[in-house]
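My numbering numbers the first residue of the sequence shown as 8 and each following residue consecutively.
I should point out that these hints are in silico values taken from the structure, not numbers from a laboratory. Heads up, a few of these hints could be off.
Claimed, not checked - Quick list of the computed label-pair ranges, beta carbon to beta carbon:
no., residue 1, residue 2, range
1, Trp149, Lys379, 19 to 29 Å
2, Asp289, Asn142, 18 to 28 Å
3, Gly229, Asp206, 18 to 28 Å
By construction, the Cβ of each residue, glycine as well, lies at the ideal position given by its N, Cα and C atoms.
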Amino acid sequence: MAYAAWDHPEPLALGSAPLPEYGSGSLADLLPTLAAGMSVPGMTASITELTPADRNCVFLIDGLGWEQIRAHPDEAPYLTSLLGSSRGGTGRPITAGYPATTATSLASVGTGLPPGAHGLPGYTVRNPGTRELMNQLRWQPWTDPAAWQPYPTVFQLAQDAGVHSAQVSSPTFERTPLTKVALSGGTFHGRLTGEERMDLAAEQLAAADRALVYTYYAELDGAGHRYGVDSDTWRGQLMHVDRLVQRLAEQLPSRSALYVTADHGMVDIPFDEQHRIDFDADWELRAGVALLGGEGRARHVYAVPGAENDVLTCWREVLGEQFWVASRDEAITAGWFGPPDRFDDRVYERIGDVVAAAHDDVLIIASEREPKESAMVGNHGSMTPAEQLVPLLEVRS
8 MAYAAWDHPE PLALGSAPLP EYGSGSLADL LPTLAAGMSV PGMTASITEL TPADRNCVFL
68 IDGLGWEQIR AHPDEAPYLT SLLGSSRGGT GRPITAGYPA TTATSLASVG TGLPPGAHGL
128 PGYTVRNPGT RELMNQLRWQ PWTDPAAWQP YPTVFQLAQD AGVHSAQVSS PTFERTPLTK
188 VALSGGTFHG RLTGEERMDL AAEQLAAADR ALVYTYYAEL DGAGHRYGVD SDTWRGQLMH
248 VDRLVQRLAE QLPSRSALYV TADHGMVDIP FDEQHRIDFD ADWELRAGVA LLGGEGRARH
308 VYAVPGAEND VLTCWREVLG EQFWVASRDE AITAGWFGPP DRFDDRVYER IGDVVAAAHD
368 DVLIIASERE PKESAMVGNH GSMTPAEQLV PLLEVRS
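Using the sequences and the accompanying hints, generate a full structural model.
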């Protein structure tokens with residue numbers, strides 16, 4: 008008779024993870040598709056449902072997942088009215104890419120490359136040169152942006168091809184390394200309020216016969232992290248976003264297409280030990296681990312040299328029912344970070360020896376190492392529909 012203590016549940020099969028639609032319907036495919044429609048050399052129209060336009064505007068709303076729009080029709084009547092237009096009128100979403108987090112997604116949008124190619128594969132990842140964790144959103148500690156992400160952005164390529172390219176965002180982002188590696192090219196226009204950004208984005212669209220304009224709004228994401236996507240504060244931000252989208256849509260110049268999308272969705276995680284597993288208080292999970300990277304729902308785990316297999320085995324046994332837990336090579340081969348044949352060797356050691364992606368409503372927090380992140384209500388990063396599916400709402404003039 009077997010003892011219950013020795014009965015380990017079967018871990019989640021890696022093949023059951025719902026992969027992003029790299030190459031046909033992911034964020035990395037959006038700008039190349041739009042640029043191909045404007046005859047920019049080297050660009051491929053991978054999202055085949057989209058119809059070319061001479062003037063294209065991408066409005067990226069941080070944290071506005073597909074499922075969150077569908078769950079809040081009263082707060083977002085205009086966005087709700089556009090759901091049927093998503094992905095070229097199919098009424099379907101696209102996917103963010105893994106991990107579903109801001110730094111990774113913005114780099115995918117701007118470069119047109121999957122995470123395994125552009126090299127920003129998480130919130131924090133190990134710098135192979137220094138063996139330290141690097142925060143790719145805040146770019147700390149600093150490293151040379153051009154060396155970290157050497158590929159040109161689609162904005163740069165479009166500008167070189169004679170397409171008027173512009174970014175309209177908060178002045179705070181004008182000179183950040185993340186903007187440089189992910190969104191540079193053409194002109195940057197800093198405006199403080201959302202209304203100012205909408206008005207200027209419309210002006211920039213009208214500034215040339217062919218134009219590619221990007222604009223961005225971050226405050227919805229901040230409200231979700233701090234208060235959750237079921238909070239009144241978040242709902243109020245969604246109402247504001249809804250009005251901003253309509254304001255921009257009503258000002259589109261002729262021959263324009265507006266695409267409203269997001270970098271990820273979000274899920275609220277309860278504050279209890281069942282849903283928040285504290286790495287800093289769990290000796291089993293800490294054993295053999297040199298660095299803990301990523302974020303609560305999308306972890307990169309860097310093992311002490313020689314302990315890689317033991318860490319993988321332990322994490323699978325402890326978390327395998329709630330997380331997809333893969334070795335670095337398994338995650339790359341499975342296509343989590345993009346097609347394996349597009350994976351750039353320089354990114355290899357940035358990926359954790361073990362990669363853990365949440366399946367259930369659960370987090371791996373680190374209360375001592377990451378006190379601010381561990382206190383967030385709303386979270387994201389993994390491959391579940393609430394995090395991974397993002398809209399591609401369309402308005403044309």
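Those earlier numbered hints the structure runs against, lowest number first: Of the numbered hints given earlier, the structure breaks none, since each of them holds.
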